[in-house]
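**Q** Residue strings, one per chain:
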Amino acid sequence: MKKFIKKGFFFLIGYLVVVQIINYFAPYHWGNPWYSSKIQYLGNNHLEKKYNLFFFGSSRVYRQIDPSVVDQVLKKSEMEINSFNLGSPATFSPQNLYLYENFLESDLSKNAKYAVIELASIDGIGTKRLHEERTYYYQNFSDLLYIFDSYNANDELFKKKNIEVYFRYLISLFEKNILPANFKHTLIDDNFYKKTYLGQKKDGYFSLDKELTTSKDSVFKEYLYKRKNGLSSQDIELRKNIDLKTYSESNLKNNKTNIVDLTRINNLIELSNNMGIHLIFMISSRATSKNLTALGNKIPKSNFIDMANPDEFPFIYSLNDSFDVGHLNEKGAVKYSRALANKIEQIIN
Amino acid sequence: MLFNSLDFAIFLPIVFALYWLLQKQLKLQNLLIAIASYIFYGMWDWRFLFLILFSTIVDYTMGILIERENQQAKRKLFLWVSILVNLGFLGYFKYSNFFLENFVGAFQFFGQDLNFRGLDIVLPVGISFYTFQTLSYTIDVYREKLKPTKDFIAFTAFVSFFPQLVAGPIERATHLLPQFYNERKFDYNFAVNGMQQILWGLFKKVVIADNCAQYANQIFNNYEDYSGSTLVLGAVFFTFQIYGDFSGYSDIAIGTSRLFGFDLMRNFAYPYFSRDIAEFWRRWHISLSTWFRDYLYIPLGGSRGGMWMKVRNTFIIFFVSGFWHGANWTFVIWGGLNAIYFLPLLLRGNNRNHLEVVAYDRWMPSIKEILQIGITFILTVFAWIFFRAENLTHAFGFISKIFNSTLFKLPSVRPSYLLALIILFLVIEWVGRREQFAIEAIGEKWFTPLRYTFYYFLIIAIFWFSGNQQEFIYFQF
Numbered sequence: 001m002k003k004f005i006k007k008g009f010f011f012l013i014g015y016l017v018v019v020q021i022i023n024y025f026a027p028y029h030w031g032n033p034w035y036s037s038k039i040q041y042l043g044n045n046h047l048e049k050k051y052n053l054f055f056f057g058s059s060r061v062y063r064q065i066d067p068s069v070v071d072q073v074l075k076k077s078e079m080e081i082n083s084f085n086l087g088s089p090a091t092f093s094p095q096n097l098y099l100y101e102n103f104l105e106s107d108l109s110k111n112a113k114y115a116v117i118e119l120a121s122i123d124g125i126g127t128k129r130l131h132e133e134r135t136y137y138y139q140n141f142s143d144l145l146y147i148f149d150s151y152n153a154n155d156e157l158f159k160k161k162n163i164e165v166y167f168r169y170l171i172s173l174f175e176k177n178i179l180p181a182n183f184k185h186t187l188i189d190d191n192f193y194k195k196t197y198l199g200q201k202k203d204g205y206f207s208l209d210k211e212l213t214t215s216k217d218s219v220f221k222e223y224l225y226k227r228k229n230g231l232s233s234q235d236i237e238l239r240k241n242i243d244l245k246t247y248s249e250s251n252l253k254n255n256k257t258n259i260v261d262l263t264r265i266n267n268l269i270e271l272s273n274n275m276g277i278h279l280i281f282m283i284s285s286r287a288t289s290k291n292l293t294a295l296g297n298k299i300p301k302s303n304f305i306d307m308a309n310p311d312e313f314p315f316i317y318s319l320n321d322s323f324d325v326g327h328l329n330e331k332g333a334v335k336y337s338r339a340l341a342n343k344i345e346q347i348i349n
Numbered sequence: 001m002l003f004n005s006l007d008f009a010i011f012l013p014i015v016f017a018l019y020w021l022l023q024k025q026l027k028l029q030n031l032l033i034a035i036a037s038y039i040f041y042g043m044w045d046w047r048f049l050f051l052i053l054f055s056t057i058v059d060y061t062m063g064i065l066i067e068r069e070n071q072q073a074k075r076k077l078f079l080w081v082s083i084l085v086n087l088g089f090l091g092y093f094k095y096s097n098f099f100l101e102n103f104v105g106a107f108q109f110f111g112q113d114l115n116f117r118g119l120d121i122v123l124p125v126g127i128s129f130y131t132f133q134t135l136s137y138t139i140d141v142y143r144e145k146l147k148p149t150k151d152f153i154a155f156t157a158f159v160s161f162f163p164q165l166v167a168g169p170i171e172r173a174t175h176l177l178p179q180f181y182n183e184r185k186f187d188y189n190f191a192v193n194g195m196q197q198i199l200w201g202l203f204k205k206v207v208i209a210d211n212c213a214q215y216a217n218q219i220f221n222n223y224e225d226y227s228g229s230t231l232v233l234g235a236v237f238f239t240f241q242i243y244g245d246f247s248g249y250s251d252i253a254i255g256t257s258r259l260f261g262f263d264l265m266r267n268f269a270y271p272y273f274s275r276d277i278a279e280f281w282r283r284w285h286i287s288l289s290t291w292f293r294d295y296l297y298i299p300l301g302g303s304r305g306g307m308w309m310k311v312r313n314t315f316i317i318f319f320v321s322g323f324w325h326g327a328n329w330t331f332v333i334w335g336g337l338n339a340i341y342f343l344p345l346l347l348r349g350n351n352r353n354h355l356e357v358v359a360y361d362r363w364m365p366s367i368k369e370i371l372q373i374g375i376t377f378i379l380t381v382f383a384w385i386f387f388r389a390e391n392l393t394h395a396f397g398f399i400s401k402i403f404n405s406t407l408f409k410l411p412s413v414r415p416s417y418l419l420a421l422i423i424l425f426l427v428i429e430w431v432g433r434r435e436q437f438a439i440e441a442i443g444e445k446w447f448t449p450l451r452y453t454f455y456y457f458l459i460i461a462i463f464w465f466s467g468n469q470q471e472f473i474y475f476q477f
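Chains as they are written, first to last, in the numbering used here: chain A, 1 to 349; chain B, 1 to 477.
Treat the hints with care, since some could be wrong.
[Said to hold, decoys possible] Keeping only pairs whose Cα atoms sit at most 25 Å apart, straight-line, the calculated PhoX-like set for lysine-lysine is:
id	chain 1	residue 1	chain 2	residue 2
1	A	2	B	445
2	A	2	A	202
3	A	7	B	185
4	A	256	A	240
5	B	445	A	6
Keep in mind that the hints were calculated from the coordinates and are not lab data.
I would like the entire structure built from these sequences, with the hints used as guidance.
**A** Following this line, the structure appears as structure tokens:
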């Protein structure tokens, strides 16, 4: 029996080595279809367009930051900015950090002068997204350890909810590194590309309003329609009150900053500086939390923008500027992008 | 739970670990097997656990009563109780609607419309297999080939043994039950052999069967839209689907049993390399064909009583075998067709040729053998059309569409990757045809890293092609 277990163990190790070797040499396959489309577009156009400001994050970036508005505002301050929105739905920590780190290693970062990353909590990976390539494509041991350390730093290591999260990350890591599902995509599938994901102006921004009116997917349209029509002023008011409370408590002394998250953020800032990129972390509208505000308070002022403060940006709680409970509509996005651009300008200058 | 599922991948190591921790505690090991098997079966549908438990209790009791009874009439009575209970369950769950529909159809034929709606009956998974397995027990006890067991746990474990519970091999009590009485010692070579067989079974099921199923289903379900040549290819895909599926399952069942120290009977022996139909039926679903031979053919008189008796009994076996597969006239026709194929060999006394595997002592078959294999394969493919078709109209429609001028056009569905896989599969099967399963001896004399590389290739292929998961065909029986 011992011989069987020992040989079985070495057989398994051998298999893992073989899969890692194949994964290493196989061309990279972007499992995130929005990011994949955008990164391929950039790959073909970055020399011509000379993009130098990049936004990373979730749908609160993808659907709310209009690069053309940002560029227009910054141009008034005589800054030659050409920005691109690399946001994609449900792209939270650590995926957004992974994407940025990958971006730094690529040729696309050569022209980059500024980058804005949405500050986000660790993605819980809902059951619907488990087993999808979108979820396992970015998994790696380093980020798995980061998740453990981050929860531990918050004294949340053994919370039931978080134990479920580890399990999902472990399954996703297993799927990427042990099942050849990942390199099957890398070896036989082209990277996903869909022009509509780039937005109407091909700058990566695609508002939910435009998606609703132009989408050919009737099921998705129906879903967006329900989200839009389901919004009430009470929902917005509730969210506003939560955020107001968060901000009122944000400066309390017992608010603990997650030192693991902060260390990673500071390391990224330093790495970016060494590459000549000014990295800014941003809290998006209606996406703040006690942890994020506490974290934001510790990030150097020149590397942090808070776009979620209800007192500073009352329009983000206006029903007229909202698409659904989490996102602004096109009108709101214009205001938001202008406000963001002003903040960026203050930091840069 | 399916063998090729994450659930089973978690279930098996846990049961394996617990099982060998209980080594030298035979009763506890058997109890663990019984509990694990009930959990395994209960994952399909827990309601049918009562059915298998009831069947177990009846046959356990009848076995003891048969042995205790001296009067032949009463012994026969107890045997018939077992037969009627088991076949009764099988008849009710599997054939009720078929008989009722045909009964109603007969009245309709004579102009009488009976207002009939089919019964809403769910077919318990594996019922055709475990009922035959337990019947073999009571029949062998009656024939005094086997002493009845007093160990209810061992008997329960025998009836419900999870590796072969839902799709065979249909084990004989004389072969499997005694293994539950004896201490099982972990044997490294036996276990490694089991792992190899599981691997090969998964390859056959996931890579060959499931991928062939995708195209077979597409072609069979839309046969009116395709050319004759495409329909032929569809039938060929189904031929490999059913072989990969069923023999793959058997390989996994046998391999899994070896991990627990059990030896199950062989169920497939490279049937598509058969040189005639008689050889095919000695190599296809061996556990079922030998069951029918021992418990139906021989009691009917077998080969005694002249040629007419032989022919009659042969046809009965093939028709019943067809009907066992499903409550549909297509299966009966499939059985009958095989009987027709078999008849010339029987009449000429050539049904016992080719007892060894083809080209046993050579690398390549002779031209004659290639022709024989080709003809047998074609006959088999043709018969599978009936097996796969939804009903007789579908079957005859499919066949009539084959035989027209479009038979000589290039097939419109030509998945080259699958054709390459089938060829590779046949090459591996050919190379390994002398072994219990194809990859048993492959790499035996190779350098370990090279042998491992071959296994890694199979594992990666299994995961690579696992996107088209299909249920095991024989679960529906």
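**Q** A separate judgement is required for each hint: does it hold in the structure or not?
**A** Status of each hint after checking the structure:
{"no.": "1", "hint": "2(A) x 445(B)", "in the structure": "holds (23 Å)"}
{"no.": "2", "hint": "2(A) x 202(A)", "in the structure": "violated (61 Å)"}
{"no.": "3", "hint": "7(A) x 185(B)", "in the structure": "holds (18 Å)"}
{"no.": "4", "hint": "256(A) x 240(A)", "in the structure": "holds (23 Å)"}
{"no.": "5", "hint": "445(B) x 6(A)", "in the structure": "holds (21 Å)"}
Hint 2 alone, counting from the list given before, is not met by this structure.
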